[in-house]
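So the sequences go chain by chain: P and B.
Count the first sequence with our numbering and you get residues 1 to 724, in order.
Count the second sequence with our numbering and you get residues 725 to 1448, in order.
Be aware that one or more of the hints could be misleading.
What the hints assert, rightly or not - Covered stretches of chain B, going by a simulated chain P footprint (3 or more residues, C-beta under 8 Å):
#1 1052-1063
#2 1092-1105
#3 1397-1409
These are calculated hints, taken from the structure and not from any lab test.
For each residue, glycine too, the CB sits at the ideal point set by N, CA and C.
2 protein chains.
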Amino acid sequence: SSKLPDLGVAAGINLLSAFIFLVAFAVLRFQPVNDRVYYPKWYNKGVRTSKTARRSLSSIVNLNWRVYLHFLNWTREALHMPESELIEHAGLDSAIFLRAYILGLKIFVPLMIMGCLVLIPINATGGSIKSQKFGEVDIGLLAISNVFDKSRRLWAHVVMIYVFTAWVCGMLYIEYKNVMLMRLNFHDAVDRRPEQYTVLVKNIPSDPDEPLTLHVEHFFRVNHPDYYLSHQMVRNANKLAKLLKRLESLENWKIYYKNKQEREPGTQPRTKTGFLGLWGEHVDAVQWYTSAVEQLRREILKERERVMDDPKAVLPVAFVSFKGRWGAAVAAQTQQTKNPTIWLTEWAPEPSDVYWPNLAIPFVELTIRKLLMRIVLFFLVFFFIIPVTFVQSLASLDQISEKLPFLKPIVNTAFISSLIQGYLPGLALKLFLAFLPRILMLMSKIEGYTSLSSLERTAAAKYFIFLVVTVFFGSIFTGAAYTQLNAIIKEPPTKLPTLIGNGVGYKALFFITFIMIDGWAGIAAEILRLKPLIIYHLKNTFLVKTEKDRDKAMDPGSIGLNENLPQIEFYFLVGLVYSVIAPVLIPFIVVFFAFAYLVYRHQIINVYVQEYESAGAFWPHLHGRVIACVILQQICVFGILLSKKATKASPMLILLPVFTITFHLYCKNRFEPAFRKYPLEEAMAKDTRERAMEPNFSVKNYLQATYLPPALQIEEEDEENVIS
Amino acid sequence: SSKLPDLGVAAGINLLSAFIFLVAFAVLRFQPVNDRVYYPKWYNKGVRTSKTARRSLSSIVNLNWRVYLHFLNWTREALHMPESELIEHAGLDSAIFLRAYILGLKIFVPLMIMGCLVLIPINATGGSIKSQKFGEVDIGLLAISNVFDKSRRLWAHVVMIYVFTAWVCGMLYIEYKNVMLMRLNFHDAVDRRPEQYTVLVKNIPSDPDEPLTLHVEHFFRVNHPDYYLSHQMVRNANKLAKLLKRLESLENWKIYYKNKQEREPGTQPRTKTGFLGLWGEHVDAVQWYTSAVEQLRREILKERERVMDDPKAVLPVAFVSFKGRWGAAVAAQTQQTKNPTIWLTEWAPEPSDVYWPNLAIPFVELTIRKLLMRIVLFFLVFFFIIPVTFVQSLASLDQISEKLPFLKPIVNTAFISSLIQGYLPGLALKLFLAFLPRILMLMSKIEGYTSLSSLERTAAAKYFIFLVVTVFFGSIFTGAAYTQLNAIIKEPPTKLPTLIGNGVGYKALFFITFIMIDGWAGIAAEILRLKPLIIYHLKNTFLVKTEKDRDKAMDPGSIGLNENLPQIEFYFLVGLVYSVIAPVLIPFIVVFFAFAYLVYRHQIINVYVQEYESAGAFWPHLHGRVIACVILQQICVFGILLSKKATKASPMLILLPVFTITFHLYCKNRFEPAFRKYPLEEAMAKDTRERAMEPNFSVKNYLQATYLPPALQIEEEDEENVIS
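Please take these sequences and the hints and turn them into a complete structure.
Okay, here's the thing in structure tokens:
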């Protein structure tokens, strides 16, 4: 049932929805009232400001019909900005993230051309599948499945996988080198960043004779006498952060009721004092919330004082600063004491990259947490497979109509049949997956990573495992035969490649559908920003009084590497696996990469805020995953060749993974240290230059109060608010 | 055919040979003429000197019959020396090596007691094997095989493996901690060692503008301005070393013919000039060798000059020394430049630990070499299994007499049957294994490790893999059924534990025999030192003229971690696996550990020279391998329980490996850094103390010419020889 017409219906539906999303986007973004939803970045930068002073119709709706003719001009805008400007505008991480899509295009466009010119003709004339009427052409006709067992044509596939692997490795090498150079140039160009002078020291042992802060100072004065400058103990402001969050919510309610009162001057809005205003005593809402806010502010003041003064609020963690970059580089890369579980030093994350709640987790606990999360991940991956399996089984309609015969007439309608076959499995899967990133991020937080960037990376790693096991292997083994999955572990390992090969062969259509829903329509939905749009307008209606409130109501979001990286990696996997087996799938992948590149470039320029700057620290992660995809590709092709009984051709593939792994190790040794360490030569050169150019520069003043938890940072700007 | 009488014969033979070896040792070592073979260490230390001035009978043979009565007193002597003295006498590595046997005793003595008290009674009354006449008692009667399938008794084994694992982990933790403290104390106590001030810098890039040595100096003067002291370029003295080796051989021949001439004053020994004196022109031997030596010496002088002066002899490797330990610690632990493949720094090995030929291997080549050696190791392990399989198959006599019926009458003799069953398989295996360590050491050398200690460790790691795959799994899967091995990969993975469990159960007797041959008789042969004894006497007769020659003729050897560590680890594996399955095997293991401890303590005190001092750098290696053995034990017991259909009891074991791995990770994080890094606090404390105590101490003078290849080092002492 993998006929081309089914594919046509699915493609039509998805293209239509993508088109609808794009038109909706065009219409919505031209309305001035939505300007803050679609161009928040420019507001944050202060380039755009709202003209809400006069609430005329033209400030809400755009009546100039000419602009609607150019509804696709966002693509030109998105491509217009050169990379150097993009880096300055949106940060290096964003620019490097976009390079992942470029990598996809660089890999898959040539693969597509080679596949179309070489493999598709060879497959199409294979003659194993009986010729059919044009309307019923099976896509298997263009795939390796159309080649006879033991055919000499299979040698073409062997040659092509060698060519493909060489091409992919070449592109990976070039891009890794590019990204490394971009990172090094970035570090060279940016003259001064707080984290260059600072080291995060964890697991500071307590000393019975002196308070922690003195202990830290003494330790570094003794062991880094020429370089130690100052330090900042981390204080436990978690409770304070919670109170501040509650304050924000209370103030929102206060403003809401005040606005209500102003709009209907006669009425006095009332609320109940209980949970969510659902029960309890009836009171005057404005008065009640005003006094509640007042009270909470006093509480916050007290808590803030406690955090600043109470020695018990000091955590055994400090940000230690050094006089120069050389001293910091040394302290970050060396072991401090005999006992390797105390005085642990590492590069301080960039100030905005710090994840404060995790700073104070003791050493032993970290081991246990990591272990626990691994077990949880195992079960999550394992049990998630059950619902997916169920939904997948819908794809074989025969089973449904057998078990539920009353559905037969509906199911047998050609259109509905195509709809279910082509659309539902992918959609259901996508819905399942929507819940997942949050859970995985929470798991990474529990594991205790101390920077947002590492949290996103590790969550992405988990998500990728999940996608490979659940979506890729789950689809391969369940779709073809319902009980196949269970059978795997009962089969001898020698049969596994054949099983995989067979499974992959069957599922080409499913993955094409998946690409269209997730990759085409999904990306188009991303640009529409439906959820932020709704939330913004709700907030704008009920909560916004000042410009500042309106700034707060924008929710531009960020790239979200934890979701997007695994998505890209998954497309690499699907594309690579099918590049030899069924090259007809590759154009869909190419469209995805091109379209996603456009959309994300637009979003990065106009929407997303940059949460932190890790200077592309995620590239080694991506590179490693793509290498894993290449090896999976080789296994799948090996399996297909085995199942095609190509006894002479298939052993030729055994050397490929060995080459690939060697290539990976070489790249890892060659490029990865640039992403992990700060070489002394650079540090020394910068220090020397700094001393020569600015002999009076004071690092101490420069670093003052950089590494303060956000809950303590707002102190100054909010001081008057709280007191008022 | 695993009857107790067979075991008795095998035990008898092995005990007898061990006893013969010990008696021979006693007789031989009391003869003054053998004193240098059995107590070479004391000669090297200058405590003993030979009294060959008067060649009386008593200087050759000991005629005092009383001493022979105390022929076992070496054991008391061996145990007499306290550990602190042992460390001073033979180095920390030796003392820590002996602790490996202590660890074995600490683990297996309690396991033996628990096994005898709990498991053997439970097994013996299991009643699955039919009761037999006493003479035909099967050792399976005392093993888990005597328990009925699905029996409740199997719960005892589950409980015991938890107890055993806890005990083993506890002992491992205590010993790891002990060893770490010994290492730290050693570093604390030893005030000054050249490697504390020195860093090995590899892959120095060439500079077009200045020679390498200036380039190194400039680089470190710029990037470590306050700490850099001096450096020593490594020069390629490989050819020189070869020439020196040839000189030694030529000189030996010269001396041999001179001695011959002196003993028979009339004759003139003659030789031929060709290869090995087998063909070519007839010449006067003494004259010919004298002139050859003369010529070679001149050549060596020239080559030495070339090495010292020729800039092409300078390799891109240097030993860089720093003013203090702190500076060296920093340089060793940090990355120097952007490009992670150049200016690679690492701790300098101790001067005697350096493996000079490997210092100059380029970065890319190292990756390729490692990859190649992994492939070679795979094939070595894989193909070695074929001969072992063949010899193992001899153990099933029925097969032999079936195929070679004319052997039947011989094979059916009870004694010969016992002999073949009990003795041959183990012996053949041992012979095979004798060749292996050299090959593996050669492979490690090809891989490019730069210190003798790391060469031994990596060769040991390969040997352990070999022992586990070839000996352990090879015996398990081939002995029980000849074709079982081939069948494994055709069986579903769910059946694998059962297969292992069954195999392990069958082979208890084989492993007991193996322990007796390899562990008892083999160790007794070690103390006899037959090969060094013969070589010493040959040299003594033909080559020795002076005391110095006699010193050279001693070949005390060293511990040989590359052979002995894997042996110990293998006994841990066998002992742990059988501790639950057939506890009757454990006493044999205990005897091995106790006896080997005695013998090696004796040898370390009296024989072996210390080649280098790595301060127990091999302990993390050993610890990791024992952990692997524990996990293999758990898998085997799990398999046995599965095959005994203990469906409720066996799942209880799934948590064990998780605990074990967590324990291992904790130990790794907690203890391993002490074996890899030099903490800054220590370095600073020592530097400060040194400055206070010896303000005039010059590091530069102290380090002068420490890091010179041995071929260049002998220069001074040999200068006069060469010129003469």
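Right, here's what the structure says about each hint:
1. 1052-1063: holds (count 8)
2. 1092-1105: holds (count 3)
3. 1397-1409: Our answer is that it holds, as 9 residues pass the Cβ test (under 8 Å) against chain P, meeting three.
Of the hints listed earlier, there is not a single one the structure fails to meet.
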